[in-house]
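Chains as they are written, first to last, in our numbering: chain A, 1 to 506; chain B, 1 to 506.
Be careful, since some hints might not be right.
In this list, chains with the same sequence are indistinguishable; a pair is considered to hold if it fits within one copy or across any two.
Taking lysine to aspartate or glutamate pairs in the EDC-like style, the calculated list, with each CA pair at most 16 angstroms apart, reads [to be verified]: (1) K203 x E33; (2) K34 x D202; (3) K424 x E403; (4) K184 x E100; (5) K347 x D213; (6) K324 x D413; (7) K68 x E45; (8) K224 x E136; (9) K184 x E136.
These aren't lab readings, by the way, just hints derived from the structure by calculation. Since this is a predicted model, take the numbers as computed values, not measurements.
2 protein chains.
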Amino acid sequence: MSNKDLLGRRNFIKGFGAAAGVAMAAPALAVSEKADGVKWDKEVEVLIIGSGFAGLAAAIEATRKGAKDVHIFEKMSYFGGNSAINGGLFAAPGTPMQKEEGVKDSVETMVADQLASGRGIADEALLRHVAEHAVEALQMTLDAGSEYHPYLQQLGGHSVARTYQTTVSCGAGITQPLLQECRKLGVHTHNRAKFEGFLVGDKGEVLGVKMRDNYHFGEDQPGKVSNIRAKRGVIMATGGFAQNVDLRMAQDPTLTAEVGCTNAPGATGEGMYEMFRLGAVPVHLAHIQSGPWASPDEGGFGYVSNYSIYNFPHSVAIDRLTGKRFMNEIADRKTRADAELNCRDAKGNALPPILITSYEDSKKHPNTKKVLKYNVGWKFDSIEQLAKHFEVPLAPLKQQIAEYNEYVKTQNDPQFGKNMTEAKGKYIQAPFTVVRLWPKVHYCQGGVQINTNAEVKDSFTGQAIPGLYAAGEVCGGIHGVSRLGSCSIPECMVMGMTAARSMMKA
Amino acid sequence: MSNKDLLGRRNFIKGFGAAAGVAMAAPALAVSEKADGVKWDKEVEVLIIGSGFAGLAAAIEATRKGAKDVHIFEKMSYFGGNSAINGGLFAAPGTPMQKEEGVKDSVETMVADQLASGRGIADEALLRHVAEHAVEALQMTLDAGSEYHPYLQQLGGHSVARTYQTTVSCGAGITQPLLQECRKLGVHTHNRAKFEGFLVGDKGEVLGVKMRDNYHFGEDQPGKVSNIRAKRGVIMATGGFAQNVDLRMAQDPTLTAEVGCTNAPGATGEGMYEMFRLGAVPVHLAHIQSGPWASPDEGGFGYVSNYSIYNFPHSVAIDRLTGKRFMNEIADRKTRADAELNCRDAKGNALPPILITSYEDSKKHPNTKKVLKYNVGWKFDSIEQLAKHFEVPLAPLKQQIAEYNEYVKTQNDPQFGKNMTEAKGKYIQAPFTVVRLWPKVHYCQGGVQINTNAEVKDSFTGQAIPGLYAAGEVCGGIHGVSRLGSCSIPECMVMGMTAARSMMKA
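One chain only, chain A, in its complex shape (with noise of 0.2 angstroms):
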């Protein structure tokens, strides 16, 4: 999907390229102000930019340490960002539940498993400060009223099963009571609210922001522009943006219009790109993460994600050209999606591979009924059956499977040396569940730099801008090439609760 008419006023021309040379006609405007002399239209203690995890777990904190006057502002008409879209997957160290279920963890094996994923260049000091708070931020949600499955779920790269998810198995079940929790808190909450730049001080500080009011996503519309003056200062939880098809394309031309995405249409990045503006250090934007679960049989986030990444300890990937297995099932994100992407055929066209699941231990999940009856995932009653489907060799197949078998049996895996911990009794037999894979752009690990107080720091004074801090999504490089799934919420959680203690103390 492709937001090339969506973001009104600021369009993003198509072919920067091919139509350079020609006149300009709408030149580039530096958004951010001095505020020298300006008219300030309304004075908050405490402003917030997004409604996302992060944002409102920010809010949620900023009113327990003191703050009497607290705004978020969502551009969207409905709140709850990208976030309320997600997975709903929380992964913390040293859990209740990892309690009850006798799984050994800790602040250090999590971070470890992170700087895996992360390739050499993930921040450890930021991995460390979420992995220790994320307890904390799993306790604000459950004190709201959120509600987690009773198991947990280890996940692609966690060395454990660490991972909670919500009863509803999306991130509305975290954002929905967060955001009850804001109103009965007394946040003031504003949506169709855009925000159109800082109005900043002599010495580089943030004093404020432009904000538009009545915006309509996607529609050029006038709106009337307020000076909002912030007292403590603004927290940025803008999010990501994976639905930038221009600057995603800007760091990885194959990121066409044309490949799936499974974030809210809302994750443009606005919001980073102004922080530049201000002085703020891009990290990692190159590294934008596709996500190894998803099915090209559906949009977005759809069904199967969820689907999958619940069953990928029990089952097998098959390279339908092969018949074989070709990745381990729970790596880490990255290197599945670089696996899947190589399925291709004897002419280099893709060719989607396929999960394999014992009908019986996939049924446990609530979404496979939907994946059933909404044709993106089939049952079949034998091997032979499901290979004439997805015209995979059969011998090799029943070969693989009968050596996977062995693998769950013997709880070693020889071939990709897969973690059989979770797939423990958990045969591939008839009658078998099966989707087809094949990655989507679902996370940008590249935002802007930020220290453990989630203060953003400026690319000449090496120092904090005052008055100003990011969290979530938009903060870039705490995660290094590739994030672990379930790792995205506790930090957003983490790092806007972290920003409204820092603003606070401030």
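Once you've looked at the hints, dock chain B against the given chain A.
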């Protein structure tokens, strides 16, 4: 080498994370300013920042296209920037020397080689534009008086021999003649002139710059800041940021001050960051290249780099732990640098691999004498002596060399698929010349996004920032993950020339 203390009033503070939370003494200032009511101290026609390949080529081309008042501003005391100390290697397809030597090449072949090294995210349109104009740029250097070795080289990742090298084996063999040419043409060249930010019109167009004179790099000194109006616009040719340790560590925390760097000390990236403040799109900053031809036995680019670049095609690179080859000696830079970094002892400590060349073949390169003289390379009369000196297991080493010599004979390397064309008749035999290899930070693939008119894209409008052009290493995205050797000079010069042409047409 660290530049933490070399940046004058804009000091980079070590440990942003650690320092945070305390009161911030020096706030972040937006450095560029609206030009409303500014008093212009001086007016020029064409204003170029930076005096490396890109800046010099831009100045010459602007003059040829009719500009009468062209100014180059250089912050260092000397002209030439990092270009002056690079390897002087210039790749171009379809050159006179290729015709003489019977090498078949084309724009398409050169672009294809670079796309492969770019690992799917290089900018094909820019690569093609540069390849199409590379011979023209080479001619500009010849017209100015540059002298080249009378042979072509086939560098790593190039499918044919297409690389010229200056007789001085150094970029100064190009920057010096171009600088003389500039002066002949009446270009005004200013050294110790520090760019301090843009002056921007009401519509976001670049009208001029703030420039500090009498600037002494690394010293905190006053100088005088002038406002200089640039009638036709500003060309930013300010280079990369490999010497800015804080900023490169933001992308890759392993690139500490202790990691070697081949760049001139002025490569600190302020110009790039100032363009981000105008709204330029940051592309691929995380992709920082290390040179696989560098030696841990000398500082910077040194003597070994050019020595080994020349000798790789007819040499074996040996892992000292195993006595075996560990890479294709002419693979692309990233492939080789990654392979070298994997050469470690049993405890995981760095064990720099060795490059073994027949002395008779190595001595054709002028640096061989210097390498031996300064003890950064060594001559051995026998394989036993060599193995003992570097503590390499003798038997596997002897066997490896025998096997490799067979590949030379058959012109086929089944071990690593090396193209053996340039190794023809060049057996590895005593006496030997040997150097040690270890990657050094060399090149920033990342920078601001430009188009084939050298215009700088604005992140919000998607259009060019009026009055602003950029060329050379300050730009990003062209090469993708990894640039091929000898492709920087053509890029810098072609895009410098292109910037001048675009400006003169605008």
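Exercise. Enumerate the violated hints, using their earlier numbering and listing them in ascending order.
Key: 4, 5, 8 and 9
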